[in-house]
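Following the numbering used here, the numbering of the sequence shown begins with 19 at its first residue and continues without gaps.
Wrong hints could be hidden among the right ones.
[To be verified] Label-pair ranges, simulated between beta-carbon atoms:
#1 T368 - D127: 28 to 34 Å
#2 I216 - K75: 49 to 55 Å
#3 L355 - S174: 15 to 21 Å
#4 K57 - D495: 36 to 42 Å
#5 G255 - K294: 23 to 29 Å
#6 T302 - R150: 34 to 40 Å
#7 W119 - I216: 28 to 34 Å
#8 I237 - H141: 42 to 48 Å
[Claimed, not checked] Think about it this way: if two alpha-carbon atoms lie no more than 25 Å apart in a straight line, the pair counts; the simulated DSS-like pairs of lysine-lysine are:
#9 K452 - K360
#10 K479 - K460
#11 K189 - K235
#12 K301 - K311
#13 K465 - K450
#14 K301 - K290
#15 K178 - K156
#16 K322 - K294
#17 K405 - K415
#18 K279 - K242
#19 K31 - K74
#20 K452 - K405
#21 K460 - K474
#22 K405 - K360
#23 K400 - K360
#24 K279 - K308
#25 K405 - K322
#26 K400 - K98
#27 K405 - K301
#28 K452 - K139
#29 K105 - K139
#30 K98 - K279
#31 K465 - K452
#32 K301 - K400
#33 K465 - K98
#34 K311 - K290
#35 K415 - K452
#36 K57 - K31
#37 K31 - K474
#38 K74 - K405
#39 K139 - K460
#40 K450 - K415
If you're looking for bench data, these hints aren't it; they were derived computationally from the structure.
None of these values were measured; they are calculated from a predicted model.
For every residue, glycine included, the Cβ atom is placed at its ideal position computed from N, Cα and C.
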Amino acid sequence: GKNITHAFERGLKVAVGGSRGEGPGEIVIKKSYFDEHLKEHFENSRNIQAAIIAEKKIDKRIQKAIEDGACVFYPFSLLKNWSGNYKELLEQFESIAEDVWNYVDFDIDGIILETTVERLKDHLGSTRHHHRWQIAFKVNDEMAEVEVLSITPQTSRTGKVTPVAELVPTKLSGALLSRATAHHFGMVRDKGIGPGAIVQLVRSGLVIPKIERVIRKVIPVFPKRCLSCNSELGWEGDNLICLNTTSCPAQIEHTMVHFFKTLGNIDGFGPKVIAKLHEGGVKTIYEIYKMTKGEFSTFGFGPKQSENLEEQLLISRNVEVEDWRFLAAFGVTRMGLGNCEKILQHHDVTDIFDLSIEDMVRIDGFAEVTANAMHDGLQSIKSDFFKIYELGFNLNKTLARTSQIKDTSISGKLIVFTGTMEYGSRKDLEKKAKELGAQIGKSVTAKTSILFRGLKVGETKISAAKEKGVDVITEQDFLNLISE
19 GKNITHAFER
29 GLKVAVGGSR
39 GEGPGEIVIK
49 KSYFDEHLKE
59 HFENSRNIQA
69 AIIAEKKIDK
79 RIQKAIEDGA
89 CVFYPFSLLK
99 NWSGNYKELL
109 EQFESIAEDV
119 WNYVDFDIDG
129 IILETTVERL
139 KDHLGSTRHH
149 HRWQIAFKVN
159 DEMAEVEVLS
169 ITPQTSRTGK
179 VTPVAELVPT
189 KLSGALLSRA
199 TAHHFGMVRD
209 KGIGPGAIVQ
219 LVRSGLVIPK
229 IERVIRKVIP
239 VFPKRCLSCN
249 SELGWEGDNL
259 ICLNTTSCPA
269 QIEHTMVHFF
279 KTLGNIDGFG
289 PKVIAKLHEG
299 GVKTIYEIYK
309 MTKGEFSTFG
319 FGPKQSENLE
329 EQLLISRNVE
339 VEDWRFLAAF
349 GVTRMGLGNC
359 EKILQHHDVT
369 DIFDLSIEDM
379 VRIDGFAEVT
389 ANAMHDGLQS
399 IKSDFFKIYE
409 LGFNLNKTLA
419 RTSQIKDTSI
429 SGKLIVFTGT
439 MEYGSRKDLE
449 KKAKELGAQI
459 GKSVTAKTSI
469 LFRGLKVGET
479 KISAAKEKGV
489 DVITEQDFLN
499 LISE
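Let the hints inform the model, and build the full structure from the sequences given.
Spelled out as structure tokens, the structure:
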């Protein structure tokens, strides 16, 4: 998710003789090189990878690793794969998994197993975040038995109280760990997690601290009041919930942070700034948008920061943003980016508050439970929504765009862009294709109609597309189509 151009400017090369434009991937460093040259200077290779994309100067030893070709950018599309029948996989899983794990001389998080049978992919489907026809297999070789010191409850923007286990500081996989989430208080209750408990700790994928199992249970103690607002807590399934939905500081602050983060066209309004504003009495997004640089300065922000904050608020209203992203920023239950885009393909953003549950159920993909949650959530934000909406945001409206779609040669077709685009960014071309009625895919499957190729596309990918019966045409062909 970061711009890594300056990493290439430092001499970073693409793995296995590849070139730029091969798609997403990761910056990695050879395990053998790290063990021989860098292990005594750095705790783990991840610290090096993070340093490479930092804008400040990097350690000369890391620069040497780049120059030696030991540190590279590895596109996922260039990774070697194993393919075979599921019976063979079941019979020889351990040996196959070990082989795949060692295809590369790099630390890896895990391996992905996926079906290649199209009808199974269609049946399992996908969400906006992941394919249901894929599953990750991870191994946690290093574990530690750690004592729990205490359980800290943290209130989220939805009111759910998450238990965080405070641990005796323990070094694991090159990092000093002192905290791990217990997910929800139902887990605390069922597994007996509390002060004095002994848990087995791993780092999932060598990254996220995770309680694998409880070795010594204790009788847990549950908080009765919200740590943020001192309001009473109540059980809802496996979750403890803060019942103060209107004035809990944690819920208010997390809600405001979520708005700006989801909106995505504004900088400067992170957790620290929001906390400072809330401490000064600001409780709503609307209040923030009405503030001037003079008012920001009264909260303790310096002249330059105050000016920047006012400017960012103006920019976020003027810079075009999708209406579904704007709606999702309000954080309504069951209304993430995907569901917001789906409902706004059928109704204008200003009309959805008048929809009945039955109206929502008629939309493909919305079951009654989801529709009920969305309906109630929309009613709860209606007043705040229109106060903010009427400030004047430059919304790219999904319904208007959908209704203006002309019948073109790519209407209704699933298309994929690949390679380096010469005449515009891939994002811009995908947006234009949507306006022409196409559906955009991220990978080529048997359902793909057209693969638009840019520069530097491997012939293997092109051949695989043709084998599936996919038409492969150039970026220039697409531009000619646009100009028709």
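The hints, checked one at a time:
1. T368 - D127: 28 to 34 Å: violated, 43 Å
2. I216 - K75: 49 to 55 Å: Roughly 44 Å apart at Cβ, these two residues miss the hinted range, so it is violated.
3. L355 - S174: 15 to 21 Å: With a Cβ separation near 18 Å, L355 and S174 satisfy 15 to 21 Å, so the hint holds.
4. K57 - D495: 36 to 42 Å: Because 51 Å falls outside the window, the suggested range is violated.
5. G255 - K294: 23 to 29 Å: violated, 35 Å
6. T302 - R150: 34 to 40 Å: At 38 Å between Cβs, range holds.
7. W119 - I216: 28 to 34 Å: Holds, at about 30 Å.
8. I237 - H141: 42 to 48 Å: holds, 45 Å
9. K452 - K360: holds, 14 Å
10. K479 - K460: Cα-Cα ~13 Å, so holds.
11. K189 - K235: Cα-Cα ~22 Å, so holds.
12. K301 - K311: holds, 18 Å
13. K465 - K450: Roughly 21 Å separates the two Cα atoms, so the pair holds.
14. K301 - K290: holds, 15 Å
15. K178 - K156: violated, 29 Å
16. K322 - K294: holds, 17 Å
17. K405 - K415: Holds, because 18 Å separates the two Cα atoms, which is no more than 25 Å.
18. K279 - K242: violated, 31 Å
19. K31 - K74: The given pair, whose Cα atoms are some 19 Å apart, holds under the 25 Å limit.
20. K452 - K405: violated, 31 Å
21. K460 - K474: holds, 17 Å
22. K405 - K360: holds, 24 Å
23. K400 - K360: Roughly 19 Å between the alpha carbons, so the hint for K400 and K360 holds.
24. K279 - K308: Roughly 19 Å separates the two Cα atoms, so the pair holds.
25. K405 - K322: Violated, at roughly 28 Å.
26. K400 - K98: violated, 51 Å
27. K405 - K301: Judged against 25 Å, a Cα distance of about 14 Å means the pair holds.
28. K452 - K139: Given that 25 Å is the threshold and the Cα spacing comes to 23 Å, the pair holds.
29. K105 - K139: holds, 18 Å
30. K98 - K279: Distance of about 36 Å is beyond 25 Å: violated.
31. K465 - K452: holds, 17 Å
32. K301 - K400: Satisfied, since the Cα-Cα distance of roughly 17 Å is no more than 25 Å.
33. K465 - K98: Holds, at roughly 24 Å.
34. K311 - K290: Cα-Cα ~18 Å, so holds.
35. K415 - K452: holds, 13 Å
36. K57 - K31: Status holds; Cα separation ~22 Å.
37. K31 - K474: Holds, because 15 Å separates the two Cα atoms, which is no more than 25 Å.
38. K74 - K405: Given pair K74, K405 is violated - Cα atoms ~42 Å apart, limit 25 Å.
39. K139 - K460: holds, 14 Å
40. K450 - K415: Cα-Cα ~14 Å, so holds.
Hints 1, 2, 4, 5, 15, 18, 20, 25, 26, 30, 38 from the earlier list are contradicted by this structure; the remaining hints agree with it.
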